[in-house]
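A.B. asks: So you can see what is in the structure, the chains are spelled out below.
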Amino acid sequence: MTKRRKHIFNYFGYIIGGFILFNVIWYILAAGLSLKALPFPTEVYGGYSKAFENGILDHTFASLRRIAYSIGISLGIALVLGVWMGYSKRVNSLLGPMIYFSYPIPKLALLPIIMVLFDLGETSKIVIVILIVVFQLIITIRDAVKNISKENYYVLISFGATGLQKMRHITLPAILPEVFSSLRVALGIATSALFFIETFGTDKGLGFYITDSQMRVDYVQMYFGIIVLSLIGFILFLIVDLLDSVLCKWKNI
Amino acid sequence: MLSIENLEVKYGNTVALNDFSLTIKKGEIYSLIGPSGCGKSTLLKVLCGIIRNYSGQIAFNGKAFTPREVSIGYVPQHYGLLEWKTVKENIFLSYKLNSTKVLREAEVSEIINSLEIDDIQNRYPSQLSGGQKQRVALARAFISQPDILLMDEPFSSLDTFTSEASQRLFLRLWEKYKVTTLFITHNIHEAVSIGEHIIVMSKSPGRIIHQVENPLFNVSEYQEEKLRFVASIINKIGY
Chain G
1 MTKRRKHIFN YFGYIIGGFI LFNVIWYILA AGLSLKALPF PTEVYGGYSK AFENGILDHT
61 FASLRRIAYS IGISLGIALV LGVWMGYSKR VNSLLGPMIY FSYPIPKLAL LPIIMVLFDL
121 GETSKIVIVI LIVVFQLIIT IRDAVKNISK ENYYVLISFG ATGLQKMRHI TLPAILPEVF
181 SSLRVALGIA TSALFFIETF GTDKGLGFYI TDSQMRVDYV QMYFGIIVLS LIGFILFLIV
241 DLLDSVLCKW KNI
Chain L
1001 MLSIENLEVK YGNTVALNDF SLTIKKGEIY SLIGPSGCGK STLLKVLCGI IRNYSGQIAF
1061 NGKAFTPREV SIGYVPQHYG LLEWKTVKEN IFLSYKLNST KVLREAEVSE IINSLEIDDI
1121 QNRYPSQLSG GQKQRVALAR AFISQPDILL MDEPFSSLDT FTSEASQRLF LRLWEKYKVT
1181 TLFITHNIHE AVSIGEHIIV MSKSPGRIIH QVENPLFNVS EYQEEKLRFV ASIINKIGY
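Quick mapping for you: the protein sequence lines, in order, are chains G and L. Be aware that the first sequence starts at 1, since it is given in the working numbering, and climbs by one per residue. Be aware that the second sequence starts at 1001, since it is given in the working numbering, and climbs by one per residue.
Source of the hints: derived by calculation from the structure; they are not laboratory data. Where a beta carbon is used, it is the ideal one built from N, C-alpha and C, also for glycine. Hints are supplied without guarantee of correctness; some may be wrong.
As the list claims (entries may be wrong) - Mimicking EDC-like on lysine to aspartate or glutamate, the simulated pairs with C-alpha atoms at most 16 Å apart in a straight line are:
1. G:K150 x L:E1083
2. G:K251 x L:E1083
3. G:K166 x L:E1107
4. L:K1176 x L:E1107
5. G:K249 x L:E1089
Stated by the list, open to error - Incomplete in silico selection of chain L near chain G, CB under 10 Å:
6. K1063
7. P1067
8. V1070
9. Q1127
Please construct the entire structure, taking both the sequences and the accompanying hints into account.
C.D. replies: This is the structure in structure tokens:
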């Protein structure tokens, strides 16, 4: 077995091991508590056919779409503002305090005004997730840009590089590892925020599915929804990890 | 030929360089020595185009000097290798940025071979020793075919043995290409081993207090004489 294949084999071995352990703990808890509100994992996985009848796939895609839009737009905004603030002291001293001030505002409290400003449907949901995750992305990217050693730029300047070349050969590759790690945090927050946001003004999405099942006292379907939501988060994390290991090879040796 | 006249650089209210004039002839090596903080690095930063706020005249071949038009090879103190690029990508950085001056492939591989970095081309800088990093930085500078090579204490963070070996590799390469070089150091031994001309700077704000031809430049049997010459420079400096 080559070293690389062995590495991949180990990687998936740990994932499967973790999954089994998770279910064993769940099983023990369910057996010990024997509550209706905590069914056995076997019962939950057995609920798949009903879940498909309920259109769980549509709900999943609705949630995925919201995550993709909000994370994509947040990352775009954060890259522009973060790099700009990292480059320019003036922009940083102008925007920095504003960001520090708005970061702690509980965004969910703004839900009514956002629903009035945008609409009850998709836009307001995406906007609220953006408001929740964008600030930490901006701050991490700004700090990453500030931490790049000046000497890196000196060599490019001596070769007569343009601003765009400095961006492409230094700034962007240098901040990429930090972008990925703040993206992981943003994904976790976005996925869990979604649960709450999807309980308003929509009948699509895993958040809706989970609360709806809870209202009907269908705990099996409620947990099925939770498992799918976790799975989405898990797969998204794996994708980020994969991109990280391919694009930041230099950091992972 | 590069001529610097009455160069003055200030950082806020502190004068880093004052009334600094120097002429550098084509195809020769100049060693510039002086104590820490005397403005040596400031001078290099001006020539690299990093510091643009200065007064005085700098001319290259009779025309006003602009770092964009004169091609510069810069070897910074910590080598300035880009961590996210492999050794190979680092070496060919100048071609990525501006592909007008491209060396023939045979010459490129000769430079790479003579610096003994042929077999580490696919590694990343974090996997290299100090000496290897330093040689990669030298390769990058030579491959860009600079009009002027600027070196900022490139041997100072190496141990004595590696430093000696690197200096020899550098001189061998320099012999072949005769690149106009300004070499900065605070180590008098290094200055004498590398420089054809030796320039001694004063304490801050930096000014030239002594300039001398190096009679031992490129002489191989000189150990004792070299030491005597070093001692004579130390006497002149008097700090």
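A.B. asks: All the hints need checking, so say for each whether the structure fits it.
C.D. replies: Hints versus structure:
Proposed proximity of K150 of chain G and E1083 of chain L is supported: the alpha carbons are some 13 Å apart, at most 16 Å. Among the hinted pairs, K251 of chain G with E1083 of chain L is consistent with the structure: their alpha-carbon atoms are about 8 Å apart, no more than 16 Å. Restraint check for K166 of chain G and E1107 of chain L: not satisfied, since their Cα atoms lie roughly 28 Å apart, outside the 16 Å limit. Pair hint K1176 of chain L plus E1107 of chain L holds up; C-alpha atoms about 11 Å apart against a cutoff of 16 Å.
Taking the CA atoms of K249 of chain G and E1089 of chain L, the gap is near 14 Å; set against the 16 Å cutoff, the hint holds. The beta carbon of K1063 of chain L comes no nearer than 16 Å to any beta carbon in chain G, farther than 10 Å, and the hint placing it at the interface is violated. With a cut of 10 Å, the hint placing P1067 of chain L at the interface with chain G holds, because the nearest CB-to-CB distance is about 7 Å. Contact between V1070 of chain L and chain G, as hinted, is supported at the beta carbon level, the nearest pair being about 9 Å apart and thus within 10 Å.
Against a cut-off of 10 Å between C-beta atoms, the interface hint on Q1127 of chain L holds, since the closest Cβ of chain G lies about 6 Å away.
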